[in-house]
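Residues 618 to 742 (the numbering used here) make up the sequence shown, in order.
Hints were generated in silico from the structure; no laboratory data involved.
The structure displayed is predicted, hence computed values, not measured ones.
Do not take every clue at face value.
[Stated by the list, open to error] Taking CB as the label site, the calculated pair distances span: (1) ASN632 / GLU740: 48 to 56 Å; (2) ARG742 / PRO626: 46 to 54 Å; (3) ASP680 / ALA660: 18 to 26 Å; (4) GLU645 / PRO719: 29 to 37 Å.
Glycine residues also receive a C-beta, built at the ideal position from the N, C-alpha and C atoms.
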Amino acid sequence: MLEDVPRDPFADDPNDPAAELGTPDDVEPLTLAERDEALTDLADVEVFRSLLEPQGVLGLVLDCPECGEQHYFDWDLLRGNLRQMIDNGRPQVHEPAYQPDPADYVSWEYARGYVDGVIDTEESR
Numbered sequence: 618m619l620e621d622v623p624r625d626p627f628a629d630d631p632n633d634p635a636a637e638l639g640t641p642d643d644v645e646p647l648t649l650a651e652r653d654e655a656l657t658d659l660a661d662v663e664v665f666r667s668l669l670e671p672q673g674v675l676g677l678v679l680d681c682p683e684c685g686e687q688h689y690f691d692w693d694l695l696r697g698n699l700r701q702m703i704d705n706g707r708p709q710v711h712e713p714a715y716q717p718d719p720a721d722y723v724s725w726e727y728a729r730g731y732v733d734g735v736i737d738t739e740e741s742r
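Generate coordinates for the entire structure from the input sequences, incorporating the hints supplied.
What follows is the structure in structure tokens.
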């Protein structure tokens, strides 16, 4: 579902810095367990967004195990990356968020805790 994510700004560029990553044909498909995990993550993101976006949260911040930095993903980009991973075995290359305000993003753990709190509150009514 390529319409779920912004167009790659380097598409059709012979000097594409992501070219060394190979083509989608070079990517191993996800295992069933990896696919199930990505589908669960996608469902979680939808719930997180439905509860947190009305509170002004723009997306999630994730710690990158490769570079050690935090990466900020808005809801659409995060959803698109997960769809690409499910459909193609890896997320589409994208531009990082430009000067994100960390106050507008929450961690996965915070989002999960927020959802759990909402569920607990609803169940205790």
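Quick rundown of the hints versus the structure:
1. ASN632 / GLU740: 48 to 56 Å: holds (55 Å)
2. ARG742 / PRO626: 46 to 54 Å: At roughly 48 Å between Cβ atoms, PRO626 and ARG742 fall inside 46 to 54 Å, so the hint holds.
3. ASP680 / ALA660: 18 to 26 Å: Between ASP680 and ALA660, where Cβ atoms are some 22 Å apart, the hint holds.
4. GLU645 / PRO719: 29 to 37 Å: holds (34 Å)
The structure is consistent with each of the numbered hints, conforming to all of them.
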